[in-house]
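Q: Listed below are the residues making up each chain.
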Amino acid sequence: MGVAGRRSRGKETMRVSEQEAVESTARGLGVFLERRREQIAQRWADAPLFRAVFTVSRDEAVEACKAVVDALCEVASTGRLEDIAAPGFDRVREQLGRMSGSRTRTGAGPAQIADEFAALRTPVAELLRAESAGTSVAEETESLLALTALMGTLRLVVMQTALSSGEELIARQRQQLLEVATPVISLWDGVVAVPLIGTLDSARSQIVMESLLESIVARRARYAILDITGVPTVDSLVAQHLMKTVAAARLMGAECVISGIRPAIAQTIVHLGIDLGTVLTRASLADALAYALSQQGIEVSPHAEVR
Amino acid sequence: MTPPSPGPAAAVPVLALGETLLVTLHGELHDGTAELLQQDLAERIARSGAVGVVIDISGVDMVDSFLGRVLAETAANARVLAARTVVVGMRPAVAITLVELGLTLPGLTTALDVELGLELLTRARPAAPGRRERGT
Amino acid sequence: MPDPAPSRATSLPVGSDADLARVRRQIRQAAAGLGFGLVQQTKLVTAASELARNTLVHGGGGHVEITPLTLGEPRGLRLSFVDRGPGISDIELAMTDGYTSGGGLGLGLSGSRRLVDEFALDTEPGTGTTVTVTSWTTAIPAARPGAR
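Chains as they are written, first to last, in numbering that gives the first Met the number 0: chain A, 0 to 306; chain B, 0 to 135; chain C, 0 to 147.
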């Protein structure tokens, strides 16, 4: 082994001891966090972030703070200050998720939430400085740097959860929009109707089908009217979706009637060779309702006597 | 906690309601149990002279092609023995899956629940007196 | 938020009726835990029932590997049905709706395919068959039951 080998070994040795120093500082930070757990938790409970989330009980806020301190403690003691995937965070990921979810719901964006978490560093740094009174400036600086790195990592973990809960919120709102756009109306005893409005893509059709079938059970509806007046075009895909809904309702014991077929749509259906099979169709919702009623032995007459 | 797996067809409750047999299936139906039930029902219909069978699947959370076949064949057997069958209580998720699976069970009569199923059987009987009753 | 999902793969034997029931139960639980909606769960369990039965009846028995896919979003579930049976000599025929070699309704393979997102069939006549299906949770949460 020549000079070069020894030199590279030397560099390696230096790198290793640097790493050891960092880990040692990190572990020291962990010990500090554990010792000052109560004080840190008490100060954090009064921080804007925790006050905004835990509006009812300060005790609950303090417990939550302690959980976060514990997590930071665990991460610090493993020396992995910059690892957002560190297992130490696992125990608080759900809690952090709920906290950022709560902040998101009251309108705070991911950046604002991250800032609120960043502000948690200050009280801890103050306590750390007070504790480092007897140590060298270099050591104190190392500890503060370690704290900064750790809190930075916490912010990243929180940003991760804030972003994904924002995504969940969007998904929920989208779901709600879709449901509002396809209400199932109870028209009569045993008769429900769905006025379909807009394009019927695969996702919407699925939601319509599920809502309709659930309503059939809930309302004990033997007849379900699918009104397509508001559907601009009916191609073979849309027809397929409709047929599946009809087939599913039939399997459950309910009969579907498709109403609101405009002449243009009728022509398209014939032109495309779409076979509606045994599906009942009516030009208007009123006709479909009249049919459903007559099937149940109810006659609708314009001159019904009023008693 | 899931209940212990059922034994032979005796585990599937079959009630006699006048001239109708009411069968209630549960979610943990083994293949063998289903087949035994099919045989057992045919025998009971022949023995009792029942003219109607209501199979309640409201407690069933999955119907695959095997169970579908059992239901279809049970109804077919009943028909040969001059009895009508109605399958009731199919859950939406099951119906959607069957349609996707391509299993439309065309020969099967269905209704939303036991009450409606019994109504349907009464209406269909040739000896039914008077006008059709209004559905509730 | 869905339960913390099982992150380890499980292997279940497919050798009897009772095994089929157990497979259905476990897959139902796994799917629910991963956040699959009710309809998706039902489709998965139904597909599993078909494929497990194939493994039992045509494959002479075997096992199923249930693997939760939880790295990232969306979460998923992978099922692998393995047997050391005679294998399928004519795949195209076997995948046709209505084809059956066992007195069933012949919708096992082709039907299952429609119930899942991904479907892969690996077979060697004389060696065995492996059918692997995967489904992913959808971004849209399932429709809530009933109107409030």
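These are computed hints drawn from the structure, not numbers from a lab.
If you're wondering where the values come from, they're calculated on a predicted model, not measured in any experiment.
Each hint should be verified, as a subset may be incorrect.
Said to hold, decoys possible - Short, incomplete list of chain A residues facing chain B, as computed with Cβ under 8 Å:
no., residue
1, Glu209
2, Ala217
3, Arg221
4, Ala247
Said to hold, decoys possible - Pair ranges (Cβ atoms, derived):
no., chain 1, residue 1, chain 2, residue 2, range
5, A, Gly276, B, Glu114, 53 to 61 Å
6, B, Gly31, C, Thr9, 55 to 63 Å
7, C, Leu92, A, Ser300, 53 to 61 Å
8, C, Arg83, A, Val30, 54 to 62 Å
9, A, Ala118, C, Leu70, 48 to 56 Å
10, C, Gly59, A, Ile297, 22 to 30 Å
11, B, Val79, C, Glu117, 23 to 31 Å
Stated by the list, open to error - Sample of chain B residues with no beta-carbon within 10 Å of chain A, all distances over it, derived:
no., residue
12, Leu16
13, Gly17
14, Gly26
15, Asp30
16, Glu34
17, Glu42
18, Asp60
19, Val79
20, Arg90
21, Pro91
22, Val98
23, Thr121
Backbone N, C-alpha and C fix where the C-beta goes; we use that ideal spot for every residue, glycine too.
Q: Please list, smallest to largest, the hint numbers that this structure does not respect.
A: Hints 2, 5, 6, 9, 10, 11, 20, 21 and 22 contradicted; others consistent.
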